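The lines below spell out each chain.
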Amino acid sequence: MVQLPLQGIRVIDFCVAWAGPYATMLLGDLGAEVIKVENPHVWAPVSRGGRARPTAESVAALGGMYGGYPNGDPGPRPWNYSPTFVQPFRNKKSFTADLRTPVGKDILGRLVSKSDIFVENNSADYMERLGITPEWLRSIRPDIIIVSLPAFGLSGPYADARALGVHLEAVMGHSLLRGYRDMEPSSNTNIFAGDYFGGLIGALGAMMAIWHRRRAGTGQVVEIAQAEAASAMFAQAFMEYSINRGLHTRAGNRSVYAVAPSGVYPCRSSGSASNGDDRWIAISVTSDDEWEALVDLMGQPRWAMAPQLAAVEGRIEQQDELDVSLAEWTAQQDDYELMYLLQARRIPSAPVLEASRALDDPHVRQRQIFQPQTMFDGVGTFRFLRPFFRFPETPSIVHQPPVAMGEHNDYVYRELLELSDEEVQDLREAGHITMDFDPDIL
Amino acid sequence: MAGPLEDLRILDLTHLVTGPFATKLLADFGADVIKVERPGGDPARRLGPFPNDQSHPEKSGTFFYFNSNKRSIGLDLRSTAAGGIFEDLVDWADVVVESLRPGALAGLGFGWDMIHARRPEVPLVSVTNFGQDGPYADFVGSEVVLWGFGGEMYSTGLAGREPVKMYGTAGLVQAGAAASTAILAAAMVGVEQGVGQPVDFAIADALFASADRRHSTVIGFEFSGRKTVRRENEAIGLADGVFPCSDGWVEMHSAARRYERLADMLGNPDWMQDERWLEPGAAMDPLLIEEFNAHLQGWLLDRTKREVWAEGRRARVMCTPLFTTAEIFEDQHFHDRGFFAEAEHSALGELTFPGRPFIMSETPWELRRPAPLFGEHTREILTQLGYGLASIESLIEAGAVEAA
Numbered sequence: 090m091v092q093l094p095l096q097g098i099r100v101i102d103f104c105v106a107w108a109g110p111y112a113t114m115l116l117g118d119l120g121a122e123v124i125k126v127e128n129p130h131v132w133a134p135v136s137r138g139g140r141a142r143p144t145a146e147s148v149a150a151l152g153g154m155y156g157g158y159p160n161g162d163p164g165p166r167p168w169n170y171s172p173t174f175v176q177p178f179r180n181k182k183s184f185t186a187d188l189r190t191p192v193g194k195d196i197l198g199r200l201v202s203k204s205d206i207f208v209e210n211n212s213a214d215y216m217e218r219l220g221i222t223p224e225w226l227r228s229i230r231p232d233i234i235i236v237s238l239p240a241f242g243l244s245g246p247y248a249d250a251r252a253l254g255v256h257l258e259a260v261m262g263h264s265l266l267r268g269y270r271d272m273e274p275s276s277n278t279n280i281f282a283g284d285y286f287g288g289l290i291g292a293l294g295a296m297m298a299i300w301h302r303r304r305a306g307t308g309q310v311v312e313i314a315q316a317e318a319a320s321a322m323f324a325q326a327f328m329e330y331s332i333n334r335g336l337h338t339r340a341g342n343r344s345v346y347a348v349a350p351s352g353v354y355p356c357r358s359s360g361s362a363s364n365g366d367d368r369w370i371a372i373s374v375t376s377d378d379e380w381e382a383l384v385d386l387m388g389q390p391r392w393a394m395a396p397q398l399a400a401v402e403g404r405i406e407q408q409d410e411l412d413v414s415l416a417e418w419t420a421q422q423d424d425y426e427l428m429y430l431l432q433a434r435r436i437p438s439a440p441v442l443e444a445s446r447a448l449d450d451p452h453v454r455q456r457q458i459f460q461p462q463t464m465f466d467g468v469g470t471f472r473f474l475r476p477f478f479r480f481p482e483t484p485s486i487v488h489q490p491p492v493a494m495g496e497h498n499d500y501v502y503r504e505l506l507e508l509s510d511e512e513v514q515d516l517r518e519a520g521h522i523t524m525d526f527d528p529d530i531l
Numbered sequence: 004m005a006g007p008l009e010d011l012r013i014l015d016l017t018h019l020v021t022g023p024f025a026t027k028l029l030a031d032f033g034a035d036v037i038k039v040e041r042p043g044g045d046p047a048r049r050l051g052p053f054p055n056d057q058s059h060p061e062k063s064g065t066f067f068y069f070n071s072n073k074r075s076i077g078l079d080l081r082s083t084a085a086g087g088i089f090e091d092l093v094d095w096a097d098v099v100v101e102s103l104r105p106g107a108l109a110g111l112g113f114g115w116d117m118i119h120a121r122r123p124e125v126p127l128v129s130v131t132n133f134g135q136d137g138p139y140a141d142f143v144g145s146e147v148v149l150w151g152f153g154g155e156m157y158s159t160g161l162a163g164r165e166p167v168k169m170y171g172t173a174g175l176v177q178a179g180a181a182a183s184t185a186i187l188a189a190a191m192v193g194v195e196q197g198v199g200q201p202v203d204f205a206i207a208d209a210l211f212a213s214a215d216r217r218h219s220t221v222i223g224f225e226f227s228g229r230k231t232v233r234r235e236n237e238a239i240g241l242a243d244g245v246f247p248c249s250d251g252w253v254e255m256h257s258a259a260r261r262y263e264r265l266a267d268m269l270g271n272p273d274w275m276q277d278e279r280w281l282e283p284g285a286a287m288d289p290l291l292i293e294e295f296n297a298h299l300q301g302w303l304l305d306r307t308k309r310e311v312w313a314e315g316r317r318a319r320v321m322c323t324p325l326f327t328t329a330e331i332f333e334d335q336h337f338h339d340r341g342f343f344a345e346a347e348h349s350a351l352g353e354l355t356f357p358g359r360p361f362i363m364s365e366t367p368w369e370l371r372r373p374a375p376l377f378g379e380h381t382r383e384i385l386t387q388l389g390y391g392l393a394s395i396e397s398l399i400e401a402g403a404v405e406a407a
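Protein chains in written order, with this note's numbering: chain A, 90 to 531; chain B, 4 to 407.
FYI, nobody ran anything at the bench for these hints, they're computed from the structure. Just so we're clear, the structure is a prediction, and the values are computed from it rather than from any experiment. Each hint should be verified, as a subset may be incorrect.
[To be verified] What follows is a list of derived Cβ distance ranges for each label pair: (1) Asp510(A) <-> Pro272(B): 34 to 42 Å; (2) Asp366(A) <-> Tyr262(B): 35 to 43 Å; (3) Arg104(B) <-> Arg303(A): 16 to 24 Å; (4) Glu345(B) <-> Arg303(A): 32 to 40 Å.
Beta carbons are placed, not taken as given, at the ideal position from N, Cα and C, and that holds for glycine.
Let's have the full structure, built from the sequences with the hints guiding it.
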C-alpha cells in the first residue's frame, strides 16, 4: 500500500495569519497529521478574523475577502468561517488549551513528546515570553524539527519587528518596485505576496528537515526569515544592483525583460470597477513573430504597420503610444473571445480574472480546482480550493474540511494524551477545553 | 555536510524562471542537479540584467540567480545520439523535472512511458502554464498573463485605474517555490517507497491557490456573493496605508489595530485621546480618517523612515520603511545575518548577491558552485556516466552534446 509522502509525521501548528498556516496546510495535504494549538482566551489579531464576534452590520461594510461571511451572517462562531482565514484550515485538527498557564504549557509539552515538527510564525519575543523555545522543545523531544517563520529572522535589530506580508515586502523593496509608473508609492499597499511565499518556503524547509531526519535520525531548527526568503521574488532587482549597482523602478504592468507590448488592456465591460464588473485582458507579445500575428489579427491597422514597430527595440521605445492604440482595439472585444483569438496565434494572453468569475472558468471547471466542503455547525456546503498537488499514486485529498476551533479536543485529550474522564472534566472547567472564545473577547 | 538533500539526484529539463527556481532551492540544499540545456542554452541566458546592459549568454543575472549549485550539460535531445545519453541520465536520477509543452517530451521519445518502463521508482514532474490537460493545456503564458489569470491581480491597484501586477516575475517565482514542494514530495515517495508517478504541476493552479488574497477573495464570494474590488483611493483607514516621512516612505497597514501601541509609538499625544477615533465606524469615515492621518503625517514628516521603524519596533506596531534595493544591500542587519553571499563567477566576476534562502541549523546552505556556464559539466557528467574520452569527443563532434 502506497503511503502519502508525509504519512506518519505529526505537526504542531502554532501559527497565526497566513504564512504559517499555509505551510502547515501543505504538510497536511501531503499526509502529515497537523494539529492546531489554539488559546480560547487570547485573540490573535489576524488569524481567525478581524474580530471574534463581529456584527452583521460591521461585516457588511467590508469587502468580500474580509466581510463575506457565509450567507452574509457572521453566525454563532464567526472565527470558524472568516473568509480571510478559513481556506488554510483544511486537513488540520484543532484543540484548545490556555497556554498562559502552567497546566496549558504542560499539555502542550505532552503533545510535543508525541510530535515530529513544531511550526510557528510569531514574533521572537512572543515565543520567548511563553517560554516555548527550541531548548524547551528539544528537552521534551530531542529529535524534534522546529520550523520558525519570523518576519526578519530570530537575530539582529529587526528580530522583534511586527510585520504582515505587506510590511516585509516594503522592507525588501517590493513597494518601491511595483505599481503604477505615474503614481507615488502611496498607491502601493494591500499586497501579501510575502505570506504566500513564506508559506511555500516554510513547507519546503520542513520537508527538507524530514528528509534529513529520516536518514540521520536528528531534528533541527529551520529558520525562515520571511523577508529574506521573499527576496527571490525580486531577483532581477537584486541582480541589477549586484551586477551594475543599478536600481529598477516601478514598471507598472510592463515586463522586466525586453518584451513589448506587455500589459493589461481594457475589454468590453458590463459595469464599473466599483462593482467588480470591469474587464481586462493581460497580453504579452514575446517575439517579433507574435507581434506580426497580432498586427494581422487586428486587421493591419495603419498605426501598427509602422516599420519601427516590427522589432522589439522600436516597440519598447514607443510603448506609451502603442499601449494607447492597442487598448482602443481591445476595448471593443470580449475578454474570453479575445483570449481564444490571441492564443490561437500563440500570443500569451488571458483575462485578468475577477474572483467571482474564477469558479466558472472552463480551465478551473475541467481541472476541478474547487471542491465542495461542508462546514462545521451546519453553516453550509461551499466550494473550497483543493490541493494543487496532482499525484496519481499518492493523491492529496481534502479529508478534513476547514477545521473549527476545538473540533478535535476529544481526540487530542483522550486518544493522544490518554487523559481520564475526570482529568478532561477538570480541564474543561478550568477553561482549557472549549469550542468558544472567552465571552469577553469581542 | 552539503545540506539535507545530498543524496538526492535530480535530472532537470526546465528553463526560464519557474522550473529552474524550483530546482535551485533543492540544489541549494545539497541536491545534485544536472541541468540539461538545449542547443543555445536555457533561454534565460538571453534575459537581463547584464553588465552595462550588454547581452551575453554567460552574463545573465536572471540565469545566475536561478541556477546556483547546478551542473550543466549541453544536450540536443533531437540528435540521434541523445537517446542513449538520456537513458543513462534517467538511470542516474531519482526524479526527473521538465517544463516543455504538454506532450513535447513524449514527442521526443523521452516521455513518462519511457521513463517509467526504465525506472518504475522515478517520478516525472512536469511544470507547465496551465497543466497537462484542460482547455488551456496548450496555452502560452507570461508573468502578467499567469498572475493576472490565476493570482489576485484584479483587486490589486485603484478602482479608477487598470489592475496592477507585482514586480518582475514574482508570480512565476512563487509558482517555482510551490513546484519545489511537489518535486521533493514526489522524490520522497519514489526514493522511500519505490513508487514513481507523473506529476502534473500547473503554474496557473498554484497561483489560484495563493495565500496572497486569492484564497480569500474566492471563498468570500462563494460564501456571500460579495466581490473584492480595487480601492477607490489610497487611504484605507486610520493610520493605514503608505505614508511619506522625512526621507522616503513607510508602510502603516494595520498599525492602528492595537490602538494603545500606536499611541505609545507616537508618544501618547493628546490628540489621540479624542473619543471620536474609537467610536464604531470611525475607521470607515473618510473625514475622520483624513483628520487622524493629518496628525499622524505631521509626526512622520519629522522623522526618517529608520527613526519611524525604530519607534514602531519599540512599541510593537506594524509599520516598516520602504527600502530601495541599494538600502538593503547596505543594511547591517542583513549583512550580519549572512543574508548576502559572495561568488566568483568566471564570466561575471566577483558578485555579492542574496545567498541562502533560509537557515537550517544542522544541514546548512552552501554555495558549492555559482550558476554553470553552458555545458560547463558536459565532459564531467559524461565521464561519470561511463563514457570514455574518445566517445565524448565524437559526441561533441556529431553535435549531440556541447561542452564549455
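Status of each hint after checking the structure:
1. Asp510(A) <-> Pro272(B): 34 to 42 Å: Roughly 56 Å apart at Cβ, these two residues miss the hinted range, so it is violated.
2. Asp366(A) <-> Tyr262(B): 35 to 43 Å: 36 Å, holds
3. Arg104(B) <-> Arg303(A): 16 to 24 Å: 35 Å, violated
4. Glu345(B) <-> Arg303(A): 32 to 40 Å: 33 Å, holds
This entry does not satisfy hints 1 and 3, going by the numbered hints stated previously.
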